[in-house]
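> Chains X, L, Y and R supply the protein sequences, listed in that same order.
Each residue of the first sequence is one higher than the last, beginning at 1 in the working numbering.
Each residue of the second sequence is one higher than the last, beginning at 1 in the working numbering.
Each residue of the third sequence is one higher than the last, beginning at 1 in the working numbering.
Each residue of the fourth sequence is one higher than the last, beginning at 1 in the working numbering.
Among these hints, one or two may not hold up.
In silico SDA-like links for lysine to any residue, alpha-carbon gap of 25 Å or less [what the hints assert, rightly or not]: (1) K160/R <-> N260/Y; (2) K160/L <-> V3/Y; (3) K160/L <-> N260/Y.
Hints were generated in silico from the structure; no laboratory data involved.
As a plain string of letters, each chain reads:
There are 4 protein chains.
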Amino acid sequence: VVVPSFAHSNRILEAAKPDDIAARADVVMTALPHGVGTSLIASVAKLGKVVIDLSADFRLRDPELYAEWYRTPHPAPALLREAVYGLPEFWRNDILNASLIACPGCYPTATTLAIAPLLMERLVEPQLIVDAKSGTSGAGRAPAQEFQFSEVGEGIRPYKVAGAHRHTPEMEQALSAASGQAVTLTFSPHLVPMSRGILACVYARPTDPDAPESTYLEALERAYGYEPFITVLSDRLPDTSHVRGSNRVHVTARYDRRINMVVAMCVIDNLVKGAAGQAIQCLNLVQGYPETEGLDAVPLFP
Amino acid sequence: VVVPSFAHSNRILEAAKPDDIAARADVVMTALPHGVGTSLIASVAKLGKVVIDLSADFRLRDPELYAEWYRTPHPAPALLREAVYGLPEFWRNDILNASLIACPGCYPTATTLAIAPLLMERLVEPQLIVDAKSGTSGAGRAPAQEFQFSEVGEGIRPYKVAGAHRHTPEMEQALSAASGQAVTLTFSPHLVPMSRGILACVYARPTDPDAPESTYLEALERAYGYEPFITVLSDRLPDTSHVRGSNRVHVTARYDRRINMVVAMCVIDNLVKGAAGQAIQCLNLVQGYPETEGLDAVPLFP
Amino acid sequence: VVVPSFAHSNRILEAAKPDDIAARADVVMTALPHGVGTSLIASVAKLGKVVIDLSADFRLRDPELYAEWYRTPHPAPALLREAVYGLPEFWRNDILNASLIACPGCYPTATTLAIAPLLMERLVEPQLIVDAKSGTSGAGRAPAQEFQFSEVGEGIRPYKVAGAHRHTPEMEQALSAASGQAVTLTFSPHLVPMSRGILACVYARPTDPDAPESTYLEALERAYGYEPFITVLSDRLPDTSHVRGSNRVHVTARYDRRINMVVAMCVIDNLVKGAAGQAIQCLNLVQGYPETEGLDAVPLFP
Amino acid sequence: VVVPSFAHSNRILEAAKPDDIAARADVVMTALPHGVGTSLIASVAKLGKVVIDLSADFRLRDPELYAEWYRTPHPAPALLREAVYGLPEFWRNDILNASLIACPGCYPTATTLAIAPLLMERLVEPQLIVDAKSGTSGAGRAPAQEFQFSEVGEGIRPYKVAGAHRHTPEMEQALSAASGQAVTLTFSPHLVPMSRGILACVYARPTDPDAPESTYLEALERAYGYEPFITVLSDRLPDTSHVRGSNRVHVTARYDRRINMVVAMCVIDNLVKGAAGQAIQCLNLVQGYPETEGLDAVPLFP
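Chain X with its partners taken away, still in its complex shape (with noise of 0.2 Å):
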């Protein structure tokens, strides 16, 4: 049993052959650690199937940058150019004609979503602060010291600031690419005592910091009016729990005069719209399906 939570279902997992993916699938999802999935790709990719792939692979364009945060040269360069960042939102257009979609990690995912609007419209400086926090599901299942529930719970702790964590280099490619700017930022990830969901802070100082507030939460509602996944929260201040288990976004924004700061707020379930849902979200627009097909769950509260 590798997922108890599938106890009622007869399903068997089978090792995946490429031989029988080209039979019988049409789009192909790889969820694999980075530099492992990528012989596996090329050949289903050979075969004129979709690649929708959860790893970091084929996340950042340019090889020389996987090559210094991988800290490995890139597996397949050649791939790399073919390859879409998949985070709907923004690239949708590219996503439904692409035949390698990346998706994007979990914090670039809710980072973005928080800010990126602000940026597209010069609301805001391209340096930032992002000071986002986890639950421990973004770690993965294998065992670690760090990772047990007697070490976490209980407690709060940073990791990986001040250009340590991998994420750092994809947020400023999809911030920059998507606001046409160099964006560069520091980004301090924590690890709560709880097991999904991903809260961004982004702090970013205003172009016009006689901009009253509204202009914020006008811009991101401009931005996502439309989405089908997302919220702007005018009134209130996003929590994770209410969007736990779903593909769901909360974002909203506040200006503190005190300082000229504005601060962007995201929370996602790292594990869904982090993860697989936006990985199925991509499905639906490669495959004509209705964006939200397969995604409606209401997120679990409590």
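Given chain X, work out where chains L, Y and R should sit, using these hints.
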């Protein structure tokens, strides 16, 4: 039974009567909601007893600032002039001779300890972003739906961001007083699904972008090298669970050249160094006891 | 905002008016505290609408038993005679034709599903020990100090043991009715630091001490082999987190020859199979929908 | 850094060398996995040092029982004969003169303290059901998927029920020895989403069904009235969070006439009274120190 963890003790809590206090106490500690304890404090102070107050009433030096943030005139402006801010690491000498000590709030304690040394040495600019994370005990024991287990568990949420939290002016005052310059900040508190602990992450721009990271660690070492409760972490990041149940403080700082930003971090137990423990530390100073008397409990981990 | 996880929806909750209900509803669900909803239910029932009630008012068949445990006379003894107990696995045929369905409490659901098959086949003696463990959402959303995060977190406690909990007579009644004999039990509920989930462990002496362990698993299989929501675990023990957020049930049984004792175990999500999900299951039966309609959510793990 | 909560200390952990121990220690405490520490213990014992062992190696008196449950021959049957069971409340005099003390496991400590007085006075039958609940630290710090935060959080699960847990014979041995009769039991341990604490609920049939509930409380009072660490709760039920971080024990008992069953309950902190605290309590006895020396920490609540 008020405090069930004292089930083994047969101590009876009695209502406080000013006459009894006059006769029996050398020092009086008060921990009432703001505005409630002032007349008691005034009558005790008249008797020449030292008062250590854990409420918000005597923390802000300026009665007008108090009126603005607590939406009520200050209840005892005359007494206010005698009050000393009870953070021994920066006002130890004042505390030694004080008649009225206003113990800091939990967020201001963590924030001030994180960044004051860097401000005092003019290593960072005095406009700060404080992204702080707290356990639920900071909200007290009065029942409220928003602090029920089912509402808090498995989620993290910001609250009162962008200048809405009453600890904002207290932090600005403490940091300004400690460093001799006007310090302003935006404050983003968060509620974390844990009972105890505060983590303050303070972002500040360095005055010298070419200074190496060690600059900031060395400043913390200079400030706290002889402090009995503070450990400067050089090669690890802090975790609230490593100080839980103790008066101990872990601080560190990192520098991210990517956007030229220093992040200073501090963890405390909000109920000990952030409240009762700090009051006892002040008591020890006032009475001439060793400063660590009664405060030598090792953190409870896990 | 009453339910923040529905932030994406623009549905407005309206106060229920009996006339509206008469005009617009086919089936009416009520979930009010005991004693509060009776007149509404009576007026709706008069209109020939089927009522599915989640309160305690119509669960106990005997109005005197109700009066004894709820310390108030039964508010509608006449209606009580029409009520059917809404546990489809044992009263499916009655529910199909019912006009008033009393949905079971969360503890009685878990306990009955765990042990009723063994009692029905006379495999165990009808004196039971029920040691059950519940998350905090069972207590509702009304604020109370004892359910604040800081009071519940990092601890487990029994409450209302030894005949003090109102679900005791309900469990005895359900098990007696299902098995055609007088069943009595002692009930020990516990509060666990989690939001959702109930685990019921039922201890019973076997009628045949020489029967092998498989006897009990086979009885569960016979009872539940065709049930759409129940999985009998043969080689694993249940975990509440494996059914969270779903209407699913995991049951199993073990035999300890050491003191000649069977332990039957059942996990449910108290807010789904233990409350709203079960009500929908009843609704599906009443309306002739597929029994799993609207209830196919996979458990959320982790 | 092995124990991060000792960051303020500059103590260095050194590898234990038998010669050093001989020269420098009066008493030696060992806390190694079973089977690992025997040769060290043997060499230390030869030097006449008292050994307090927290492993499972010397708890079971009968080497054959050890071989059966630990699936390996006992590594030192000769030493085993000198071992005394380190539960001061029942074997204080033996401990005073012991050369080898085998500290009890955490479950046996809680279970024995809950029910032994009732068995010693022959108030209950010697066939018991022990339904116990533990935090995760009982499993140690070695990483394992089943103890990762994401797998444990928000769920409760039984494990090794019906005679599969190695503490079963230890509990039977301790209760039989304490009460002078053959005690048997079925043991159902559970994993609770908390780091520390054990709650043992012991169900036993009274020998006199007409005895009032006070009978059982009085027996607990007689047994523990002068015990420094035990509080008998008369009007409340225990909660693990009320003893957390301390060597304290809360016990109580209730009687349910409904099925003629006594339930005795005990809470301890599994890492203190269930492990290291108990070892220190034994050390104090051996060395003639006050029994509470070093063990006066008040429970940390919340």
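> Output the numbers, in ascending order, of every earlier hint that fails for this structure.
3
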